[in-house]
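*Asks:* Start from the sequences, fold in the hints, and give me the full structure.
In case you want the letters, here they are:
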Amino acid sequence: MAGKKRADIGEGSLLYNDLARGGGDLYPPVRDQSQPPPESPGYTYIGKPTSRIDGREVVTGEALYTHDIKLRDMLIGKILRSPHACAEVVSIDLAPALAVPGVLAGLKLAEGKVRYAGEQVAAVAAVDARTADKALTRIKVDYKVVPFVVEWQKARQDGSPRVRDEKSNVEKFNEYARGDVDKGFAAADVVLERTFSTGVEIHHPTETHGSIAKWEEGRLIVHDSSQNVHGVRDGLARALKIPAADVTVITRYMGGGFGSKLGANDYTVAAARLAREARRPVKIVLSRKDNAMCVGFRPSTYQSYKAGVRKDGTLTALSVVNFSCGGVGYGDEIAEPVIDLYECPNCKVEEFSVFDNTCASRACRAPGHTQSMLGLEGMMDALAAAVGMDPLELRRKNYSTRNRGGTGIPYSTKGLDKCYDAGAKAVGWERRNAVPGAGIGRVRRGIGVSSSIWWGGGVPGTLADIVLYPDGSVEAVCGTQDIGTGTRTHMAVVAAETLGLEPKDITVRLGDTEYPWAPASGGSQTTPSVAPAVRDAALKALDRLKQIAAEKLQVRPEDVMMESRTFRSGPEPSKSIPFAEVYRALRREAVFHGERPGYPTDKFAFNTFGAHFAEVEVDLDTGKVRVLKYAAAHDSGQIINTRTAESQVIGAVTQGLSTAVFEERIMDSTTGNPVNPNLEDYKIATALDVPEIGVTFIPMTDPRLNNLGAKGLGEPPRIPSSAAVANAVFNAIGVHVGSIPMTPARVLAAIARREARS
Amino acid sequence: MDKRTDGKVRGVSRRDFIKGMGAGALGSAVIPQLLGQEAIQTKRGRVPVYEKKQVALTVNGKPASLMVAPNETLLDVLRDRLGVTGPKKVCDHGQCGGCTVLLDGTPVYACMSLAIRADGRSVTTVEGLAKDGRLHPVQDAFIENDGYQCGFCTPGFLVTAAAFLDGNRNPATGEIERALSGNLCRCGNYPKIHRAVAAAARKMKGA
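Protein sequence lines, in the order shown, are assigned to chains A and B.
Per my numbering: the first sequence ends with 758, consecutive numbering throughout.
Per my numbering: the second sequence ends with 207, consecutive numbering throughout.
If you are wondering where the hints come from, they were derived from the structure by calculation, not from laboratory data.
Incorrect hints may have been included.
Heads up, simulated EDC-like pairs for lysine to aspartate or glutamate below, C-alpha to C-alpha not over 16 Å straight-line [what the hints assert, rightly or not]: (1) B:K205 to B:D166; (2) B:K205 to B:D140; (3) A:K48 to B:E144; (4) A:K70 to B:D80; (5) A:K629 to A:D689; (6) A:K289 to A:E664; (7) A:K418 to A:E393; (8) A:K504 to B:E144; (9) B:K53 to B:E38; (10) A:K397 to A:D417; (11) A:K172 to A:E350; (12) B:K131 to A:E62.
*Replies:* Below you can see the structure in the form of structure tokens.
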């Protein structure tokens, strides 16, 4: 059941789902966990709002993103991309391009076949962008165009052009079964069948993908807009056949990724090769159009459910067949929520990947789960309506305290029930239509709910250092990256909390492979990986400081207390020494290594949970959907910084709303190219589309998980946010639109279906 | 807030200009055909033809003078030639607002503005919002209200918001959202951006 989405290119790298589950077999689970319980919640900073420590750099424009970095003698690299969705590249002639004055290097990149429009064919490096663009027009490529297919429904059919040469366009890539679904359906009072589909969503981070490569004394130094500096380093080393020890990757600031920047990219390899050839640094930045065509997307899904329920709401069987299209890459698995979320003895999942001539999919913020929730939670609402039950009550009725739908191991902590309560109260759940579509008038209102389940326990083996300086300054160092979630700040919060300082006192260093190892910022793993490692290092640093203080005060180290930048003897409060003196006694900087250990995954399931509630209005004449109110509640364990955590949730709701109502890549079957590879025709929610979003964090910690009890949060709020809006539309108009985005045309078609039925 | 993609002050619009150049593509290939002519006819009258033109502009209060090609955008000149990297290139097609700068105080998309049109004019970027080391109230408010996540769209939002607040210290419900609707935030932080701008308005009104 391993996911097929790589967090990196090449062999030996983490699959995305392994990352999400805590690193796969990267690190052995801790069998007999003996971790300290979280400290009493008398925290000064942890769990409270802290403003970002990099605020000034960002709001003044001083923060340098990869796009903004200019190295001395730097060349600009540009990539020629295939206009054809499938073609044999017969020949590439670089000579006319290399003859353009100012062009210093060229590369042939395509060998054999190109399989999607936008695939790399050749590259040049020149003194400036204009010269490079001009050179690209001079490259002569002889293509032999062959038939292609860019619509998954057509790709599925027999006789369709084969995307992967001899291999079929349809491949079963996941299956699961427990119990006997046929028996379950027989035992049900109501059996329903429904189909749900989701469109192709593109990540479109504001900072397009880009890298700068520079060779220095045989070493490769790369600035990359990346969610995974260590993974990029390893991928580049493999691709260029050089030792990983000779590669440095740096990401100081990056403008969003959402899963599309998890590995070493082909254009980064091209930049490194061009730089080697030209003996000068080379920068390659992708255009917005490239971003729409070449660096992945969230696969479409087509999910056919069959579910059985008794009149009292007990689920008896749940089955789904999913066809998911990931272009020349794999589709997304939607299985996990279906398997895990509700207690149900009989469950069956079959999943097929469909291949077509679009670029390879990439992990997109909670891959598979966002799509799964649209179907699973849409199904739950259909069942609730069929048995005349409150949809929230149906969810509570089938609430599960063990994974695998009640048949597996117990959840270490699960606050989903509390999320239901908090969210329902915040949105005013009692105002919903008791019967979907029961309202009157041209503009109908409705309220919908969706649950969230994800992993996010953290990756064991994550490292961080705390460095204490005799002048009293403190560094927190970790080779993670801040992708906009506020990692810099939460490292400072944890270090400051532990050492009795303020977050602004901590100098944070991150985004560099020269720093201790941390996993990709994906899978909602950053906080539960990095924060415990920083905590561990800081606790060790504190021990050392207390030891010095004890010697100076002539007391026992265990009696030393910390208070107002002073170490004091607990039993003899008159004995005290200021921080400054203790730090000075270090005499040189002292480094303390922290590590995030394993956790008992053999005995407990570690998951994050949430529940979202949306209120919408639907115009029956125009089919337009507007979200009026939104409430989100989450169990992500101990929240480190509530200010940035709230932003995570708000952003994920906005993205889910946007995907529910606006976003979809549209392919042109004639040219094999997308018709909306920009930010105007590919609609993204604006300030006018998003309501106020209420966010609640359930006060919980998971002491078995790590020394802070913290779980991940990046993806959990993205998981239910499209589904909650879709279910709200169902509650408003009495029919589930069934497909996202819920464009006016689809909404009107759904309304017409309902009218035809009644 | 209406954003002018280009000044109407002098000469022709970018569209006319490109049409006048004989092609939609801003290729240098068309220029030689026109060289030797002193001017070309457009529907707004005759405009001069340059291969390059000396322009003098003020960027964040500092004078800058350089030769620019007629098809160089203000964004490329700021970022690539003047080292002013606050304005970001996000879409390069006037669709997202990430490159927003003030041209004589009016917000424009720098990716849709030709550099030659900035001749003799004053450009303010996010780098120019702070005065004497003190942040503009809207910059402070973005930090205090967590008005950004990845921060890449932030320079555009800040410039737009600063111009908006200059003209309106007392925004009514919905006015902030409308004012900012020409800027995209892919992290989806809009509610917090609204809160930040509203907080800045209150502060500026009180000040």
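*Asks:* Indicate, hint by hint, whether the structure satisfies it.
*Replies:* How the hints compare with the structure:
1. B:K205 to B:D166: Measuring from Cα to Cα gives roughly 10 Å; hence the hint holds.
2. B:K205 to B:D140: holds, 15 Å
3. A:K48 to B:E144: holds, 14 Å
4. A:K70 to B:D80: The given pair, whose Cα atoms are some 9 Å apart, holds under the 16 Å limit.
5. A:K629 to A:D689: holds, 11 Å
6. A:K289 to A:E664: Roughly 15 Å between the alpha carbons, so the hint for K289 of chain A and E664 of chain A holds.
7. A:K418 to A:E393: holds, 13 Å
8. A:K504 to B:E144: Holds: K504 of chain A and E144 of chain B sit about 14 Å apart, inside 16 Å.
9. B:K53 to B:E38: The given pair, whose Cα atoms are some 13 Å apart, holds under the 16 Å limit.
10. A:K397 to A:D417: Since the Cα atoms of K397 of chain A and D417 of chain A sit roughly 11 Å apart, the hinted pair holds (cutoff 16 Å).
11. A:K172 to A:E350: It holds: about 8 Å lies between the C-alpha atoms, which stays within 16 Å.
12. B:K131 to A:E62: holds, 15 Å
Checked against the numbered hints above, the structure breaks none of them.
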